[in-house]
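Chemist: Listed here are the chains, written in short residue letters.
Number of protein chains: 2
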Amino acid sequence: MAKKSNISISVIRRLPRYLRYLNDLDKQGVTRISSGELSSLMGLTASQIRQDLNCFGEFGQQGYGYNVELLKNAILSILGADRAEKLIIIGYGNLGKAIARNMDFENKGFELIAVFDSDPSKIGTNAKNCKVLNISELENFCHANKPVAAALCIPMEAALPIAKQLIDCGVRCFWNFSHCDIAMDMKDVLVENVHLGDSLMTLAYKLKNL
Amino acid sequence: MAKKSNISISVIRRLPRYLRYLNDLDKQGVTRISSGELSSLMGLTASQIRQDLNCFGEFGQQGYGYNVELLKNAILSILGADRAEKLIIIGYGNLGKAIARNMDFENKGFELIAVFDSDPSKIGTNAKNCKVLNISELENFCHANKPVAAALCIPMEAALPIAKQLIDCGVRCFWNFSHCDIAMDMKDVLVENVHLGDSLMTLAYKLKNL
Numbered sequence: 001m002a003k004k005s006n007i008s009i010s011v012i013r014r015l016p017r018y019l020r021y022l023n024d025l026d027k028q029g030v031t032r033i034s035s036g037e038l039s040s041l042m043g044l045t046a047s048q049i050r051q052d053l054n055c056f057g058e059f060g061q062q063g064y065g066y067n068v069e070l071l072k073n074a075i076l077s078i079l080g081a082d083r084a085e086k087l088i089i090i091g092y093g094n095l096g097k098a099i100a101r102n103m104d105f106e107n108k109g110f111e112l113i114a115v116f117d118s119d120p121s122k123i124g125t126n127a128k129n130c131k132v133l134n135i136s137e138l139e140n141f142c143h144a145n146k147p148v149a150a151a152l153c154i155p156m157e158a159a160l161p162i163a164k165q166l167i168d169c170g171v172r173c174f175w176n177f178s179h180c181d182i183a184m185d186m187k188d189v190l191v192e193n194v195h196l197g198d199s200l201m202t203l204a205y206k207l208k209n210l
Numbered sequence: 001m002a003k004k005s006n007i008s009i010s011v012i013r014r015l016p017r018y019l020r021y022l023n024d025l026d027k028q029g030v031t032r033i034s035s036g037e038l039s040s041l042m043g044l045t046a047s048q049i050r051q052d053l054n055c056f057g058e059f060g061q062q063g064y065g066y067n068v069e070l071l072k073n074a075i076l077s078i079l080g081a082d083r084a085e086k087l088i089i090i091g092y093g094n095l096g097k098a099i100a101r102n103m104d105f106e107n108k109g110f111e112l113i114a115v116f117d118s119d120p121s122k123i124g125t126n127a128k129n130c131k132v133l134n135i136s137e138l139e140n141f142c143h144a145n146k147p148v149a150a151a152l153c154i155p156m157e158a159a160l161p162i163a164k165q166l167i168d169c170g171v172r173c174f175w176n177f178s179h180c181d182i183a184m185d186m187k188d189v190l191v192e193n194v195h196l197g198d199s200l201m202t203l204a205y206k207l208k209n210l
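Protein chains in written order, with the numbering used here: chain C, 1 to 210; chain B, 1 to 210.
Simulated from the structure, these hints should not be mistaken for laboratory data.
Computed from a prediction, not measured in an experiment: that's the story for all the values here.
Built from N, CA and C at the ideal position, the CB exists for glycine as well.
Watch out, some of these pointers could steer you wrong.
[Stated by the list, open to error] Beta-carbon label-pair distances, calculated as ranges:
(1) B:Q62 - C:N23: 31 to 39 Å
(2) C:E111 - B:H143: 46 to 54 Å
(3) C:D104 - B:D168: 44 to 52 Å
(4) B:T125 - C:K131: 41 to 49 Å
(5) B:D82 - C:G43: 46 to 54 Å
[Unchecked claim] List time: in silico PhoX-like cross-link candidates among lysine-lysine, alpha-carbon distance up to 25 Å:
(6) C:K86 - C:K122
(7) B:K146 - C:K206
(8) B:K122 - B:K206
(9) B:K72 - C:K164
(10) B:K187 - B:K208
(11) B:K72 - B:K122
(12) C:K206 - B:K122
(13) C:K128 - B:K122
(14) C:K146 - B:K206
(15) C:K122 - B:K122
(16) B:K206 - B:K187
(17) B:K27 - B:K72
(18) B:K131 - C:K146
(19) C:K208 - C:K164
(20) C:K146 - C:K122
(21) C:K187 - B:K208
(22) C:K187 - B:K146
(23) C:K122 - B:K128
(24) C:K208 - C:K187
[To be verified] Covered stretches of chain C, going by a simulated chain B footprint (3 or more residues, C-beta under 8 Å):
(25) 76-83
(26) 131-145
(27) 195-205
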């Protein structure tokens with residue numbers, strides 16, 4: 001499969017959505033689909049779909065459409081979602097719990113190996129397939145287990161010092177739910193922000209301009 | 001203030017981030033800031049900042065910079081974040097709790113007026129400033145209280161029928177955390193999706209291509 005370099009992040013951000021639809025089709029036993037059918041399902045134009053998927057080489061065949069399983073696996077591989085990078089969650093409040101318990105990490109490129117909190121009533125409890133550990137053990141744990149990614153489910157005030165500590169321990173990749181920007185000036189640190197307040201204000205704007 | 005029509009959604013999506021920085025500056029007692037200072041704070045170029053803010057008319061003054069409070073209030077007003085549109089939350093699991101308890105709705109354009117769940121152990125409890133109500137009361141509640149927006153913090157299987165029921169009750173605006181797309185073919189229904197799994201896969205991609 002030929003891979004174009006410099007694929008825009010907006011194309012990348014659309015791929016997980018393709019994957020959701022392809023997973024559903026796969027579960028329903030659908031083995032192939034035309035760009036036209038996929039477009040009406042997803043509310044995109046067929047040409048948008050062809051353009052997005054052509055970025056990664058030629059998946060579709062004229063008159064045949066897309067092979068659902070092949071396309072699904074190709075997108076998984078492009079996204080790196082077929083890997084199992086070690087991830088920890090910092091903060092086992094309601095948000096941390098929601099993510100630890102409900103997120104399907106293994107199909108999204110990650111393996112959840114531990115959760116950290118400072119609340120004695122939470123430490124030692126089970127979070128899905130791993131334990132909630134004391135935040136004071138963070139450094140030792142990182143040196144022994146080498147997680148590459150951390151989900152920050154902690155308040156803004158705690159996020160900056162914890163991110164710094166994690167970077168010092170070799171963590172290079174952050175899923176940041178805290179209400180601030182982290183590690184902006186560090187070129188080898190990756191951050192994916194989920195700023196829920198920003199998203200809610202975007203909704204406020206859409207509503208105001210309805 | 002002159003307002004350009006057709007402001008792109010990507011500019012809109014950047015405005016809440018400006019607002020976060022302006023709020024911080026305001027709290028620190030900073031009353032004015034140049035685009036150069038703001039740019040180094042936010043990790044954007046000064047020309048990007050001028051371009052974004054010029055979309056909405058002339059905020060800055062040559063040699064003076066931006067008045068922090070004026071700019072903050074102008075962005076709040078542009079986003080509609082100075083309003084108080086009635087919002088309900090559907091689902092009081094961990095995610096619903098995280099949002100009900102921690103989201104600062106009143107500074108983001110909304111007023112949380114009720115939370116709904118079907119779990120008898122949750123019904124009747126307090127969720128911040130409102131009650132958790134039985135989902136069976138949803139229709140009556142909507143007719144009496146006319147919420148315009150709903151945050152869907154429920155599993156995918158429940159999201160489509162609940163969204164349909166809410167639309168029938170006059171709700172026109174969804175903050176959708178469920179792992180599926182809703183109301184795609186309805187032009188007068190607004191949806192802001194927070195697909196956490198999609199965000200995590202974007203992080204997987206960034207990590208793979210580090």
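Chemist: Hints numbered earlier in the text: which of these fail when held up against the supplied structure?
Modeler: 1, 3, 4, 5, 8, 9, 10, 11, 12, 16, 18, 19, 22, 24, 26
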